[in-house]
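Number of protein chains: 2
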Amino acid sequence: MELIKNYVQQNKERFINELIDLLKIPSVSADSAYSQDVLNTADKVKEFLEKAGCDKVEICETPGYPIVYGEKIIDENLPTVLVYGHYDVQPADPIELWDSPPFEPVIKKTELHPDGAIFARGACDDKGQMFMHVKALELMMQTNTLPCNVKFMIEGEEEVGSASLAWFVAKNQQKLKNDVILISDTGMISNTQPSITTGLRGLSYVEVEVTGPNRDLHSGLYGGAVANPINILTNMIASLHDENNHITIPGFYDKVEELSQEERDEMGKRPFSLDDYKKALDIHDIHGEAGYTTNERNSIRPTLDVNGIWGGYTGEGAKTVIPSKAFAKISMRLVPNQDWEEITELFKKHFESIAPASVKVVVKPHHGGQGYVTPIDSIGYQAASKAYTDTFGVTPIPVRSGGSIPIVALFEKELQSKTIMMGFGLDSDAIHSPNEHYGIFNYLKGIETIPLFYKYFTEMSK
Amino acid sequence: MELIKNYVQQNKERFINELIDLLKIPSVSADSAYSQDVLNTADKVKEFLEKAGCDKVEICETPGYPIVYGEKIIDENLPTVLVYGHYDVQPADPIELWDSPPFEPVIKKTELHPDGAIFARGACDDKGQMFMHVKALELMMQTNTLPCNVKFMIEGEEEVGSASLAWFVAKNQQKLKNDVILISDTGMISNTQPSITTGLRGLSYVEVEVTGPNRDLHSGLYGGAVANPINILTNMIASLHDENNHITIPGFYDKVEELSQEERDEMGKRPFSLDDYKKALDIHDIHGEAGYTTNERNSIRPTLDVNGIWGGYTGEGAKTVIPSKAFAKISMRLVPNQDWEEITELFKKHFESIAPASVKVVVKPHHGGQGYVTPIDSIGYQAASKAYTDTFGVTPIPVRSGGSIPIVALFEKELQSKTIMMGFGLDSDAIHSPNEHYGIFNYLKGIETIPLFYKYFTEMSK
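Going down the list, the sequences are from chains L and H. Going by full-length UniProt numbering, the residue at position 232 of the first sequence is 232; the numbering climbs one at a time, nothing skipped. Going by full-length UniProt numbering, the residue at position 305 of the second sequence is 305; the numbering climbs one at a time, nothing skipped.
There may be inaccurate statements among the hints.
[As the list claims (entries may be wrong)] In silico EDC-like pairs for lysine to aspartate or glutamate, Cα to Cα no more than 16 Å straight-line:
1. K364/L with D339/H
2. K360/H with D285/L
3. K151/L with E76/L
4. K360/L with D285/H
5. K360/L with D390/H
6. K364/H with D115/H
7. K413/H with D339/H
8. K360/H with E316/L
9. K364/H with D115/L
10. K445/H with D377/H
Note that these hints are calculated values from the structure, not bench results. Predicted model, so just to flag it, every value in this text is computed and none were measured.
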């Protein structure tokens, strides 16, 4: 413990600067304009893994962006931890809402981060959290405390659906063989109350296109007589929720896992202030499915959100036009037992069925993934819990996250091992938003906590 | 008549080339990026008016874009025709749907325009139709057939609400004194069945902004628990029409002029094929207010159309975000007796009232104008009717247009004179759309017909 603390203290400046170097590369996987930057980031990760002490680090080609693989096998008879993370990031827009350029990292103090936080796209999601594991390996190598084998699998398509990773994992089950998978791509309750994510929501992401007339029309000459695809699209989207904010797609809830009152009561114990929540978001009221609390709505219940909508004239000034087409990107967060491909099919069928004859509708499935729940009585969970308890002085609380890491369910299926989600970020770190940041405290705490997980996991595996 | 035909025949090449020069300048008033082009277009119009034979042509400064004024007074005792037109054009987007660049005019034959049509933004609306009047003056001057006085008032803000023109007209009632106002900014039924527009719809154009959380949020961590401004906006917009496509804004229909069955029957006689209409727009079905025909829906009934909508991530690929804001541009076409400012206020009040507490809503009134109806027993209408009958060999049909020229109602109020709308465009000319064009036949027919209007109007005024 002292050994770890001292190493982190002595090297923290370098740890921070190395992460900043990584954050400077705009590895936006959703936008092909950045493809070279994504590739450069993979090379950088390879370099860091080698420096940290990995053997045979490779850039593994895939149908999409490459996967960086590295390993340090010290003894075939010892347990093996597979670390997963991603080096790609979300698009930075809306750029104009960033207080500093998204790819020019700066350190600023905030109310929740008195020791300062690094502001940059990917600071928390996931470069910062992924890099903690690289530095933790370096620490264990330099202090001769690596107690088991470790494998790294860092991908570049997490923000666009991990299609290539699924392909890669299916083809490399032997290479990726492990006893537990470790991921830091989630959050914790607060810097004084750590938590471990035991559940993730699944995801179905689709894009819809509504076509009215075959060309943009003058809204005076045709207005009132021809279907306006934007008006139609708003009707169709509005009809996807009823007055209780239940989703109206037939069959959508059929397989939803209903939690027992005991489980819900347990969840309810999690410290939470609705007033602080509203204040932090500057909203007068919350909005969600009738019959569930805020923490239930964003974790154990499925959702349907429009992530983007566009059509017609969106420039400066006015244009009196009835556009030919209107579009929307729609994503559904799913809960355990809902199958994302089945839900995507249900959405497609329903959305096409509610289209009036006056328009043509196309639904393009985008990507998705299954939800996931991990038991808290596993060795992995117990090891993680002890590690947090050592470094924070508080026992972590198990929580269900509303987010999705589609690949986790796939890992269990393909590699037959459980995933432990040791997240160190905070909900307020603004991942996927302007001014994303990651606390220096959280970054260094992660580097301290991870080696203890290795230690306890190895001990408990004996 | 022969004199006119011969002059047009001898000069048509030049008439076409001069118009093409005017169309090459991208005078998009809605987008400040083109402001210098708008100003250059005004200078060009001044130059053409001078060449045509106007005295004291001036570029009249306004709070916005200048108004080009010119006059030819031959005898104070003769009637005076005030010609109104506009030199600004609609934005050209979506650019990618143009078959040729919008500001590089080309002449192509089409099914409806066997003699060829000029393809360019503004070809019909309104540079082409406005320029017919300039060439008609040249013709009357060169052939010594100008029978009365003429004044030109050509503005540069028609596509953005004519705010400066209203200001200019109110300040120059004496200067603009006239016996009839002549405008070519509307269409006719077909090249074999001319029509004169006797009614225009009013317009109220607003922009709405819906704000949810104070920043973009991760749709996994917050999805289901926080109001998504896009989902809310779609609900609010969808609620503006009921199942019969009646507009639900309280008081919206209170002052709507209801036509008698006789008037509706008269309208019904206008040649119209619903099949051709659907075929031309490639739609399986029409869509509009229950209880009215297509031609009624787009002329004598008010409408509410979304002209543009945007919010969230609209780029390539996927972004799982709940945006902070969503926006829409919404316009309402109004019919005679509806007051646009009152309707704008009703919309604002209603739209704000239906916003849930979970979002903040701002409604920004953009611009608007009153509807208009002109009697068909006036000297002006009769003169126009005789002129068309001479050049087309067919008596024109009076029709109500669904479009809006807000300034027309204001002319009547400020200048106490009626407006005659001699349109020569076709609905299929794609004004406000990609590939806008104007038939050579229509352009030259207009130049032939206008001098006959002057002749008959002067004779009938005696």
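- [ ] Would you mind confirming whether the straight-line C-alpha gap from K360/L to D285/H stays at or under 16 Å?
- [x] holds (10 Å)
- [ ] Measure nothing beyond the straight line between the CA atoms of K364/L and D339/H; if it is 16 Å or shorter, mark the hint as holding.
- [x] This hinted pair is violated, its Cα atoms lying about 44 Å apart.
Open item on the list: Hinted pair, alpha-carbon criterion (16 Å max): K364/H, D115/L. Please report holds or violated.
Closed with: violated (43 Å)
Task: 16 Å limit on alpha-carbon distance, applied to hinted pair K360/L and D390/H - done: violated (45 Å)
Open item on the list: K360/H and D285/L were given as a pair; does the straight-line alpha-carbon distance stay at or below 16 Å?
Closed with: Cα-Cα ~10 Å, so holds.
Open item on the list: Tell me if the straight-line CA distance from K360/H to E316/L falls inside 16 Å.
Closed with: The given pair, whose Cα atoms are some 22 Å apart, is violated under the 16 Å limit.
- [ ] Verify the proposed pairing of K151/L with E76/L, using a straight-line Cα cut of 16 Å.
- [x] This hinted pair holds, its Cα atoms lying about 13 Å apart.
TODO: Quickly compare the C-alpha distance for K364/H and D115/H to 16 Å and report which way the hint goes.
DONE: Judged against 16 Å, a Cα distance of about 45 Å means the pair is violated.
Open item on the list: Hinted pair, alpha-carbon criterion (16 Å max): K445/H, D377/H. Please report holds or violated.
Closed with: violated (24 Å)
- [ ] Compare the distance between the alpha carbons of K413/H and D339/H with 16 Å, and conclude whether the hinted pair is satisfied.
- [x] It holds: about 14 Å lies between the C-alpha atoms, which stays within 16 Å.
Hints 1, 5, 6, 8, 9, 10, counting from the list given before, are not met by this structure.
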